[in-house]
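Enquirer: Mind docking chain H with the ligands on chain S? Use the hints.
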Amino acid sequence: MTLPLFLWQSVRATFTAPYRWKDILIQLEFVSWQSLPVILFCLCFAAIVTIMESSFHMKLVVQNDALVPGFAALLILRELGAVVSALLLTSRVGAGLAAEVGSMKVTEQIDALRMLGIDPVRFLVVPRLIACTVGGFILSIIANLACLYAAMVVSEIKLGYSPGAFITGMRAFVDFQDLVFASIKGATFGAVIPLISCYFGFRCQSGAEGVGSATTNSVVASSVSIIVLDFVLTYIFSHFY
Amino acid sequence: MIAFESVRKSFGEREVLKGITFQVPPGQILFILGTSGTGKSVLLKNIVGLLHPTSGRIWVDGDDVSQMPEEEMFPIRRKCGMVFQHPALFDSLTVFDNVAFGLRKHYPEYSQEQIAARVRECLSLVHLRPGVETKKPQEISYGMQKRVSLARTVAVSPKILLFDEPTTGLDPVTTNAINHLILELSRKLKTTSLVVSHDMQCALDIADHIIVLDKGEIVDQGSPAQLKQSRHPLVRDFLREALDAEGS
Ligand SMILES: Nc1ncnc2c1ncn2[C@@H]1O[C@H](COP(=O)(O)OP(=O)(O)O)[C@@H](O)[C@H]1O
Ligand SMILES: [Mg+2]
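Just so you know, the sequences run in chain order S and H. For the first sequence, the working numbering begins at 1 and goes up steadily by one. For the second sequence, the working numbering begins at 1001 and goes up steadily by one.
Hints listed in this document are in silico derivations from the structure and should not be mistaken for laboratory results.
Within a straight-line C-alpha distance of at most 35 Å, the following computed DSBU-like cross-link-like pairs (lysine-lysine) qualify:
| # | chain 1 | residue 1 | chain 2 | residue 2 |
| --- | --- | --- | --- | --- |
| 1 | H | 1136 | H | 1188 |
| 2 | S | 22 | H | 1136 |
| 3 | H | 1135 | S | 22 |
| 4 | H | 1105 | S | 22 |
| 5 | H | 1135 | H | 1188 |
Calculated Cβ distances over 10 Å to all of chain S for the following chain H residues:
| # | residue |
| --- | --- |
| 6 | 1059 |
| 7 | 1096 |
| 8 | 1107 |
| 9 | 1217 |
Stretch-level coverage of chain H by chain S, calculated; a stretch enters the list once three of its residues show a Cβ under 8 Å from a Cβ in chain S:
| # | region |
| --- | --- |
| 10 | 1043-1051 |
| 11 | 1086-1094 |
The beta-carbon is built from N, C-alpha and C at its ideal position, and this holds for glycine as well.
So that you can see chain S by itself, here it is in the shape it has in the complex (with noise of 0.2 Å):
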């Protein structure tokens, strides 16, 4: 099977009925309430590195770090907080994934499964996309949100910076848009993640070593298909600003 051949069979299946809604539920628990705690763990250094590191050299340039909540504001809604978040579900979910279908394929379940009429891409990829589709814009709000929160409060702390003094400084940068936009990209991104993983899993060898390549090079397709889509919608967006 050809990569546009299963990205069409897998859309095609995913607008039409049925759907497995239990199943869609639970992957949905799955991706997104079980990948919170780490992702809001590394968001919120992120946000911290991003604060100290924007400081020390804006007042080693312009003695002055009046700039750093809007610059930072603009670096995690823009580009951290999608990005970063997208890439943990990577690891944490389309690893999962490439290595749960691969052993599927070399043990002969999805045989068994087209043996019983039943379509595997709807079986097993559409409920995970809708999932990580989903879990990928609830995921990139929330992210977002917290990431700018614990940004917030690493300026009181470290540089001084009140609540107030750091929204009104935010707010001369960003605006609502741009967390629309951030939410857009995390449904992207969510969304590439099941198809390449499971289309990397279809397409596994037998043996122990075909469902580790098949893993490890759906981690590497995922994550260089994020950066470079995260680089056309950011030019894409770019354009309504």
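Expert: Only chain H with the ligands this time, still in chain S's reference frame:
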């Protein structure tokens, strides 16, 4: 009736089946013998459209399935049960639900009790005791998984049964029971069976016709009596194994 007409199958540059021709009349048992990697599993998968031949034709009860699209395959797959080489059980379901899966799908009119009764019946056919139904596939041994997989396939009463090494890795008692089951299904229900196996002794005991495959080609075929007279070195090797096993 299953018929192959000069079937070839390649994966990229590599040709795995090199022109296979044979027929299996209804109700008969065909054994396919051969060493590992000669294309036995690939041959079986071509019958039910899990793979499609590169050239040649495959007939299942008069339908040409060789290039049949996936959407039209279902009636053929409904008719053919396949026992895979791997147990291929669904990891997330219990043994009971694995066996009931196809029943629920193919017989929506069945009540819960009817399904439960059929599941128990099929599990006992493969010598599995009550108590395994509630276990997950990972919690039972490989041999038991293979037997559950057999029960799952037999449960929906297919007219044609394809067995990919059903007894490899099983103990002699269970092996006997499964060979007996294949024979009984064929004689009582007139099921057509294709059995991929390494076990020449068993082939000689229950097959109507035997095919010996080597590197994607049929090197010899015939009834058990004919095959015993074969001069082909690979067939002689298989026969020697069988005789040794009988002698010891
Ligand atoms: N889907 C596939 N893609 C590429 N090669 C395959 C595929 N399935 C089987 N093969 C190759 O075909 C050959 C025959 O495999 P198989 O039919 O499984 O052998 P066996 O006789 O042991 O069942 C093997 O060398 C295997 O690597
Ligand atoms: Mg095989």
